[in-house]
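**Q** Protein sequences appear in the order of chains A, B and C.
Under my numbering, the letters of the first sequence match residues 1 to 235, in that order.
Under my numbering, the letters of the second sequence match residues 236 to 531, in that order.
Under my numbering, the letters of the third sequence match residues 532 to 774, in that order.
Just to be clear, a hint being listed does not mean it is correct.
[Claimed, not checked] Where chain B lies over chain C, by a calculated footprint (3+ residues, C-beta under 8 Å):
1. 560-567
2. 595-605
3. 655-668
4. 676-689
5. 743-756
Worth flagging that the hints you see were computed from the coordinates, not collected in a lab.
Every residue gets a Cβ at the ideal spot worked out from N, C-alpha and C, and that includes glycine.
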Amino acid sequence: MPPLILVNQLKFKYDDGTAALNGVDFRLDRAETVALLGENGSGKTTFALHLNGLLTGEGTVEVCGIPVNAKNAVTVRRKIGLVFQDSESQLFMPTVLEDVAFGPLNHGMSPAKAAERALMALEQVGMAGAAGKAPYHLSAGQKKRVAIAGILAMDPKILVLDEPTTFLDPPAQRALAQLLSSLPQAKLLITHDIPFARATCTRAVFFKEGMILQEGSIDEITMLQDWEFRPRRAE
Amino acid sequence: MHIPDGFLSTPVWAAMDVAAAPAVGYVARKAQQGFDDAKVPLLGVMGAFVFAAQMINFPVGVGTSGHLVGGALLACTLGPAAASVVMCAILAIQALVFQDGGILALGPNVFNMAIAGVLAGYLPYHLWGRGSGRRAAIFAGGALSLMTSAILALAELLISGVRMPGPVLGVSLALFAVSALVEGAITVAVVIALERIQPSLMRAPGAGRSPAFAALALVAVLLAAGGVVFASTEPDGIERLAMQTGIASHARTLISTPLKDYQAAWLGSGWAAQAGAGLAGLGLVYGACLMIGRKR
Amino acid sequence: MHHVTLDQWSRGASALHRRDPRAKIAALIVFLVVLGTAHRDLGWLGSVLFLVLLAGIRTARLPVRAALARAGVVLPFTAMFAIVSWLAGDPERGIALVMKAYLSAMAVLLLVSTTPLPLLLRGMEMTGAPRFLLMVTQFLYRYLFVISEEAQHMSKAAAARCATVRGLAGNGARFRAAAGALAVLFARSYGRAEEIHRAMLARGFPGYFRPLSALRFTGVDVIFLMLSGLTLVFIRIIIERAA
């Protein structure tokens with residue numbers, strides 16, 4: 001069984017020359033949930049965009065044994081689904097059902113089958129009742145769940161979520177944590193929300209200046225990198 | 236100006252619907268640039284931007300403010316064909332969702348604002364966008380786009396027989412002229428600000444195209460618009476204007492003499508001839524579109 | 532009146548809501564042409580057509596007063612022209628303008644409040660409008676309110692920054708601040724469009740949109756179209772004959 005994700009010495013520079021990734025090595029073998037921690041601008045999102053071929057850099061990136069390049073883009077994007085930070089840009093179709101069915105339709109399913117698959121995915125995230133609604137009318141938490149449904153409908157092996165708790169109030173965060181725990185796929189979570197990471201992830205990696213500095217459990221990393229918000233008490 | 240249903244006479248709206256249809260098909264094909272639907276999100280979102288932009292007030296005097304109409308800005312950033320498509324989409328939403336402009340009148344409104352207006356907004360930039368006259372060109376584009384669409388709209392109303400006596404027409408034109416200047420000012424101000432934050436968003440003007448054709452097109456647009464307005468003013472209106480407001484006699488002879496001969500022939504043959512003549516003038520504009528397009 | 536209201540109205544469940552959008556569009560065109568091409572007996576024609584539209588509003592279970600008020604947005608602009616007409620000695624034309632513009636707006640409103648906009652745009656393919664343009668319009672509608680909200684926030688922020696500068700200098704500063712706000716909104720919107728495109732690619736976008744459902748013209752739609760079309764034409768003929 002090839003590793004789910006295999007990244008070797010991934011380097012990437014933006015058009016203006018800034019180095020975003022400086023040799024990232026990463027490996028995911030099992031269906032576990034991994035937190036991607038690190039400063040803003042340390043390369044987490046850029047890294048994620050390489051996993052499904054939206055960006056291409058130097059080095060190797062393989063998903064489920066398939067090298068990620070322009071030729072394999074469509075196949076790779078079926079294996080790994082990206083949930084972007086802003087659900088508003090992800091739910092671009094007029095109704096929830098049409099949006100969730102977008103992926104299956106693109107993969108060649110008939111409209112009837114795609115609609116069926118979409119409803120199944122919506123049920124999985126608890127949003128089946130919203131099938132006919134316009135995305136604009138949903139709450140942030142509901143939009144996030146529909147966005148996840150849109151990815152689940154494509155039956156991926158890996159889910160990547162970029163800062164999923166942004167815009168979510170605590171109840172919605174709780175609901176999301178529960179949902180994620182119920183999903184059997186491997187998950188990568190880019191997040192600053194340490195409590196959320198603790199609740200959902202089994203291990204973490206720490207990005208700094210375009211490289212993975214450290215891997216370990218959430219506690220190890222937050223302790224070593226002083227990566228948690230705890231107000232320092234005056235002595 | 237968005238013309239509602241019920242204002243234009245049948246020959247006018249029908250002729251304009253017929254004139255607009257191929258133009259819309261043409262700009263849609265050009266805007267796609269062979270990428271099928273890949274440009275849909277960009278054009279759709281920028282259309283939403285224009286709508287939203289109309290909420291931002293630009294103070295232009297004591298207690299008055301204007302807002303961006305957007306044709307020229309879109310043309311300098313997305314290119315004229317894409318800008319036309321975006322304006323069409325905007326007009327459709329305005330007519331359907333906000334009842335701003337009619338449905339049968341979509342043809343005339345699209346022609347005035349999305350085709351002629353955008354073209355007039357783009358041509359100065361295309362011709363003089365490089366070099367020192369750049370900001371003036373952008374200002375001119377903004378002003379011309381508004382003025383052209385306004386003049387065409389007024390012409391269509393006049394041909395349809397909507398009553399607009401001299402003073403009213405004069406005041407309307409003056410108001411439009413002011414709005415045109417405001418549009419020019421806003422457009423150039425936004426472009427300056429845009430170049431500071433993301434200069435790559437501006438389109439390179441006149442890349443590799445013959446300036447002669449573009450200049451010809453610009454002249455054609457201006458002539459067509461101006462010509463149609465003169466051709467359409469009612470003889471009664473002009474006479475009444477001259478008498479009521481006591482316009483100096485030299486102005487009177489200036490305006491009415493060319494018209495007298497003009498209209499005798501035209502009005503005699505009824506609406507068909509008038510509509511035909513209107514279309515011919517507008518065909519000039521359409522021809523300009525084609526000329527620009529073929530050069531690419 | 533908020534556009535959200537129209538959106539809500541369009542998701543109702545009356546007999547009119549269930550009709551194929553193409554049938555409703557065709558009926559609207561017939562209505563607009565019957566009204567638009569009329570020159571005589573406008574009083575009678577207008578009254579009868581008003582009752583027809585009213586019946587439509589009731590059938591669609593829309594709030595009557597709100598609908599009539601919403602159609603009234605055309606009145607200020609139209610009234611100006613009507614007054615000018617009256618002062619120019621042609622009051623009949625002025626009244627005709629107001630009547631035609633109002634009834635036309637009411638008819639369009641009836642169409643739009645019984646058909647969700649994306650569905651209406653699909654129906655408009657039959658008029659020959661390019662699919663590309665209709666898709667652009669669909670996306671425009673989807674992001675209209677999102678970007679408008681962003682613009683509202685920015686406009687408040689821009690106003691707040693220049694609130695204390697008075698007079699002409701204040702105007703200049705506010706003008707530039709507004710231009711700056713627009714430029715930022717432009718760049719952000721452009722960025723959002725790129726995000727959307729990435730999200731589309733991430734879910735396998737092949738370069739063109741595939742529709743999820745096909746529009747189906749049923750027997751009821753045919754009956755509706757024939758009935759409404761013929762009724763409108765007959766109304767016009769009868770009124771012009773009788774007078």
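**Q** With reference to the structure, classify each hint as holding or not holding.
**A** Status of the hints after comparison with the structure:
1. Counting residues of the stretch 560-567 of chain C whose C-beta lies closer than 8 Å to any C-beta of chain B gives 5; at least three are required, and the coverage claim holds.
2. For a cut-off of 8 Å, the count of residues in the stretch 595-605 of chain C with a CB near a CB of chain B stands at 4, and the three-residue condition holds.
3. Interface restraint, the stretch 655-668 of chain C with chain B: holds (8 residues with C-beta to C-beta distance below 8 Å; minimum three).
4. Closer than 8 Å: that is the beta-carbon criterion, and the stretch 676-689 of chain C has 9 residues meeting it against chain B, so the requirement of 3 holds.
5. Using a Cβ-Cβ cut-off of 8 Å, 0 residues of the stretch 743-756 of chain C lie near chain B, which falls short of the minimum of three, so the contact claim is violated.
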